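Go ahead and model the full structure; you've got the sequences and the hints to work with.
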Amino acid sequence: MNLRIRTAITATAASLLLVTALSACSGGSGSGGTPHMDAPPDTAAVYKANCVSCHGSDLQGRVGPDTNLQKVGARMTEAELVEQITDGGSRMPSQKGRVTEQEIAALAAWLAQKK
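Position 5, counted from 1, in the sequence shown is what the working numbering calls 430; the numbers after and before it change by one each time, with no gaps.
Among the clues, some could well be false.
Claimed, not checked - Heads up, simulated DMTMM-like pairs for lysine to aspartate or glutamate below, C-alpha to C-alpha not over 20 Å straight-line:
(1) K521 - D463
(2) K496 - D463
(3) K539 - E505
(4) K521 - D467
(5) K473 - E526
(6) K473 - D483
(7) K496 - E508
(8) K473 - D463
(9) K473 - E528
(10) K539 - D463
(11) K473 - D491
(12) K540 - E503
(13) K521 - E505
(14) K539 - E528
(15) K540 - E526
(16) K540 - E508
(17) K539 - D491
(18) K521 - E508
(19) K539 - E508
Keep in mind that the hints were calculated from the coordinates and are not lab data.
Model, not experiment: these values are computed from the prediction.
Below you can see the structure in the form of structure tokens.
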């Protein structure tokens, strides 16, 4: 295959992979809108910036059933939520250092009400 064609194909494939990766990790809701939720404004902002890409704009989950948070308060206590958000687990990354302890506490308190 001609070197010029091979270079063009490689560049196109790399560009597509980059666009796909950036779309998956954008932190957006997928619809471009603000998450629809009953959280206090500061908590909603933290959720949108750090959680919505996996958990969805309506807490419905976007990357499997384990990411649905609509009734997470029925499964986990507030203390368990703080631990999960802080330390991560399974496929969830730790948020320690990405958000403050106060933000984690606010997220956990809000999510614990989801029953």
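Here's how the hints hold up against the structure:
no. : hint        : verdict
1   : K521 - D463 : violated, 24 Å
2   : K496 - D463 : holds, 14 Å
3   : K539 - E505 : holds, 14 Å
4   : K521 - D467 : holds, 18 Å
5   : K473 - E526 : holds, 17 Å
6   : K473 - D483 : holds, 11 Å
7   : K496 - E508 : holds, 17 Å
8   : K473 - D463 : holds, 13 Å
9   : K473 - E528 : holds, 12 Å
10  : K539 - D463 : holds, 10 Å
11  : K473 - D491 : holds, 18 Å
12  : K540 - E503 : holds, 12 Å
13  : K521 - E505 : holds, 15 Å
14  : K539 - E528 : holds, 17 Å
15  : K540 - E526 : violated, 23 Å
16  : K540 - E508 : holds, 19 Å
17  : K539 - D491 : holds, 15 Å
18  : K521 - E508 : holds, 10 Å
19  : K539 - E508 : holds, 17 Å
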